[in-house]
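Protein sequences, first through last, are from chains Z and S.
Using the numbering used here, the first residue of the first sequence is number 871, and each one after it goes up by one.
Using the numbering used here, the first residue of the second sequence is number 10, and each one after it goes up by one.
Source of the hints: derived by calculation from the structure; they are not laboratory data.
You may find that some hints are simply not true.
Dumping the calculated DSS-like pairs for lysine-lysine here, alpha-carbon to alpha-carbon at most 27 angstroms [to be verified]:
1. S:65 - Z:1008
2. Z:1162 - Z:1151
3. S:73 - Z:1125
4. Z:891 - S:193
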Amino acid sequence: MAAPLTATAPARPRKLLASRKTRVGILYALPVVVYLLVLFVYPIFSTLLLSLQNADGSLTLHWYVESLTGVNLAVLITTLRISAETALFSLVFGFVLANAITRLKPLWAALAMLIVVVPHFISALVRTYGWIIMLGDKGLVNESLAWAPGAPLQLLYNELGVVIGTTSMMLPYTVLLLYGVMRGVDRRLLAAAASMGAGRVTIFRRVYLPLVAPGLASAGLLSFILSLGYYITPALMGGPNQTMIATLINQQVTKESQWNGAAAQGVILLLLTLAGLLLVKAVTSLGASRKKRSAS
Amino acid sequence: MMELRKTLAGRIALTTVATVILLFLALPIAVILVTSFSNNAFASFPPDAWTLNWYKALFADGSKWPAALSLSALVAALSTVFSLIIGVTAATALTRSELPLRSAVYALVLGPLVIPQIVTALGLFLLFEPAAMLGSPIAIALGHTVLASPIAVLILIATLRGIDERLEDAAASMGAGRLTIARKITFPLAAPGMIAAAIFSFITSFDEFYISQFLSSVDTVTLPVQVYNSLTFEIDPSVTAVSAILIAFAILALGLVALARWIGSGRQEPLLSVETATGIATPGGEAV
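This is chain Z alone, in the form it adopts within the complex (with noise of 0.2 angstroms):
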């Protein structure tokens, strides 16, 4: 072919192409971003503005003094305590059926995995309505531990009420997050730690928690942080000493109109959040740098 003639040609029509390749895609990301950027990104900024500014417009950090004082400061303390317990509950939860699901046979997993998957697209609102049928005084587990001392339970408007709620809100997270972490371990590192007369304790603390260990972090914290801005759950199951900083949110705008307040509680909640974001990476990339050295 004539390949000396058109050496320099072949060269221009791909940078063309790929300029017009650039064109294309900016103009086909155009509507997303300019969407996000007007009603996300700007709204989260005017947020952060209005938390920042007195009545008259001056700056000042008076509504975070008050929003880390007093009533609210406890109001922060729950909402991390609850944010705390449910990550507890749902991680071990999570770990154990995620684990059961890994070792059934194929069909009844997918069954299984059904069941944790269909939830999760149920409202939430309406699965704490469940939930509040079934705690209630004559519900179904009050009148299946009818026998038991103490019976009714008081099982509903108060601090276990509001975890049982939120436990089973995250569990789908938790299940299909440690069970894309359990089909990945290498089960040939088991067998190899039991070859050489490890018994099964042994294995699994030794072997299996270390290779799992990373996705643990990140589940628990993932679950942690969307408890945290959890409002349904609490303000149906809790009582006045379950009060969530989301709950509290909604009350300054909806009831007292103090947006300023409610505009400082909700950076606080960010940032709670991207802390917690920033600390489920780090352990990501831990996790896989780990991996890569036990597969060497």
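Dock chain S against chain Z, hints included.
This is chain S only, laid out in the frame that chain Z set:
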């Protein structure tokens, strides 16, 4: 694959624990379905008599449910349209072009999914309140699109990545224009993914609570806000029937997505197998 030895006791313990945790997830849903047909709509289980009264009460005179339902349907339909427009363009940009700042755009898309929804809702409230748009279905739909469009984008990115670009290139090499390629090749293959994106956008908007609550007014109350109000303020037994309908609706929607996937699953392979069978497969022999 080598496995550790399994004991019978271990197997029984495993099955029991797994069943209990699965019940923990499934029972609250099953309980609503059963209770919605029960004589006593409040927290008595199992029911002693059956009735359809709660379903009939939904459409009785003075019931607030039909208005809430139609508002939610309108808002969800609007945000499905918005999300699909944003989703198709953004997914095309992210999979079929050379985009500068690609990872920044991707991070922006993921943002609404990881930021607490109450913060997003608060921001939207601060945006729409001065514009006197509280209670406007358009405002609620625009707000819901912030949450629904990232889901549509992610689903459509996965869909477009699953379509072999060689099919589009082949059509182009035979002289097909961009529109013809989109209409005859990409669209038919992407249809199941677009149906999934539409359904998930619709559900996201239909079930959304935080933004709706902040942006609704006394006259415009979406279905989830009405459910929340009847659980906190006014005790309305019909809420059980509404909840049961919402559950049925979600399961139906998931079934539709599965059906669309199943119908669409066999479409691409025949096209590609013809290509390989006639011996014009990829020059570099890349694996599909």
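To see whether the hints hold, each was checked on the structure:
| no. | hint | verdict |
| --- | --- | --- |
| 1 | S:65 - Z:1008 | holds (25 angstroms) |
| 2 | Z:1162 - Z:1151 | holds (17 angstroms) |
| 3 | S:73 - Z:1125 | holds (23 angstroms) |
| 4 | Z:891 - S:193 | holds (21 angstroms) |
The structure shown violates none of the earlier numbered hints.
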